[in-house]
Amino acid sequence: MCEVILALDAGGTSIKAGVLRGEEMLAKRTFPFAGEEREAMLAVFRQALAWGRAYAPACLGMACPGPFDFARGVSHMRHKWRGLKDVPLPPVFARELPGVPQRFLHDSTAFLLGEAWQGAAQEMKNPAGVMLGTGFGFAVMADRRVLVDANGTPALVLWNAPFRDGTVEDYVSRRALRDAYGPQAPDVRALAERARGGDARAREVFRRMGEALGQVLTRYLPAGTDGVVLGGQIARSAELFLPWARGPAAVTMARHIGSAALRGAAVFCRGEARAYIKEV
Numbered sequence: 000m001c002e003v004i005l006a007l008d009a010g011g012t013s014i015k016a017g018v019l020r021g022e023e024m025l026a027k028r029t030f031p032f033a034g035e036e037r038e039a040m041l042a043v044f045r046q047a048l049a050w051g052r053a054y055a056p057a058c059l060g061m062a063c064p065g066p067f068d069f070a071r072g073v074s075h076m077r078h079k080w081r082g083l084k085d086v087p088l089p090p091v092f093a094r095e096l097p098g099v100p101q102r103f104l105h106d107s108t109a110f111l112l113g114e115a116w117q118g119a120a121q122e123m124k125n126p127a128g129v130m131l132g133t134g135f136g137f138a139v140m141a142d143r144r145v146l147v148d149a150n151g152t153p154a155l156v157l158w159n160a161p162f163r164d165g166t167v168e169d170y171v172s173r174r175a176l177r178d179a180y181g182p183q184a185p186d187v188r189a190l191a192e193r194a195r196g197g198d199a200r201a202r203e204v205f206r207r208m209g210e211a212l213g214q215v216l217t218r219y220l221p222a223g224t225d226g227v228v229l230g231g232q233i234a235r236s237a238e239l240f241l242p243w244a245r246g247p248a249a250v251t252m253a254r255h256i257g258s259a260a261l262r263g264a265a266v267f268c269r270g271e272a273r274a275y276i277k278e279v
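Letter 199 of the sequence shown, counting from 1, is numbered 198 in numbering that gives the first Met the number 0, and no numbers are missing.
These are calculated hints, taken from the structure and not from any lab test.
All C-beta atoms in this analysis are idealised placements derived from N, C-alpha and C, irrespective of residue type, glycine included.
You can trust all of the hints, since none of them are fake.
Beta-carbon label-pair distances, calculated as ranges:
{"#": "1", "residue 1": "R94", "residue 2": "Q121", "range": "34 to 40 Å"}
{"#": "2", "residue 1": "G181", "residue 2": "E271", "range": "48 to 54 Å"}
{"#": "3", "residue 1": "R45", "residue 2": "E192", "range": "33 to 39 Å"}
{"#": "4", "residue 1": "E35", "residue 2": "P161", "range": "29 to 35 Å"}
{"#": "5", "residue 1": "A49", "residue 2": "P161", "range": "42 to 48 Å"}
{"#": "6", "residue 1": "A149", "residue 2": "D198", "range": "42 to 48 Å"}
{"#": "7", "residue 1": "R45", "residue 2": "A249", "range": "41 to 47 Å"}
{"#": "8", "residue 1": "D225", "residue 2": "E271", "range": "23 to 29 Å"}
{"#": "9", "residue 1": "E278", "residue 2": "K84", "range": "24 to 30 Å"}
{"#": "10", "residue 1": "Q46", "residue 2": "E278", "range": "30 to 36 Å"}
{"#": "11", "residue 1": "R20", "residue 2": "R94", "range": "23 to 29 Å"}
{"#": "12", "residue 1": "A53", "residue 2": "G197", "range": "44 to 50 Å"}
Straight-line C-alpha distance at most 25 Å; calculated DSS-like pairs for lysine-lysine:
{"#": "13", "residue 1": "K27", "residue 2": "K79"}
{"#": "14", "residue 1": "K124", "residue 2": "K277"}
{"#": "15", "residue 1": "K15", "residue 2": "K84"}
{"#": "16", "residue 1": "K15", "residue 2": "K79"}
{"#": "17", "residue 1": "K15", "residue 2": "K27"}
Let's have the full structure, built from the sequences with the hints guiding it.
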């Protein structure tokens with residue numbers, strides 16, 4: 000078992016880093032990427048690892064999007080991290096944290112693990128996790144183990160699943176909200192402020208997204224799902240769309256919107272993978 004764990008939640012624009020002991024978050028910091036060139040990105044990873052090294056971590060867990068080879072620690076992404084495509088990260092990390100075991104997992108898996116062990120899904124047996132942000136992240140559990148494919152990617156991926164005359168992400172995502180609002184739409188945070196301030200068009204696009212989310216869950220949630228935990232940056236505006244997201248299972252706000260993936264990466268480090276995930 001790892002006592003002190005350095006957890007990274009590496010997204011498209013920054014790395015969130017957290018140091019955890021058990022359920023206690025000892026420290027947390029964000030390291031923004033300055034660009035997508037290889038050396039620029041590696042420099043930011045080194046900064047995060049050097050920061051965490053001061054806490055003498057016994058394990059490193061990193062959550063990140065895909066496509067990614069989670070067994071080898073190699074990104075195959077083309078839409079982001081272009082400078083790191085096909086670059087093995089473990090040797091880079093080992094130079095900063097020699098002898099420290101490394102674990103890699105999908106960010107949707109990490110989010111759901113974090114909420115299942117330390118958050119809103121603690122009492123659920125077969126929860127699903129939805130992360131609303133730039134895209135539509137999704138993962139499900141069966142008997143409290145996240146279902147994944149042979150590569151460690153969530154077994155049920157919904158962002159590109161057919162929905163209406165497009166895909167799920169065309170209707171439930173940051174892009175979906177801005178496209179529905181129309182030309183010169185602000186980003187989601189500002190759009191939410193407009194809705195709260197009485198902008199009828201802004202309120203309508205959030206309402207429509209809520210209805211779409213409910214329809215997506217109705218169509219795609221596995222039988223037996225006993226709850227859905229909602230996270231991601233758009234979840235911070237949940238009051239604007241969640242009342243219209245009527246589906247087959249109750250939707251609950253994540254307890255740790257900003258740190259669930261960090262907590263999940265730490266959980267993953269504490270035991271063997273088979274204790275937390277199931278390949279299907």
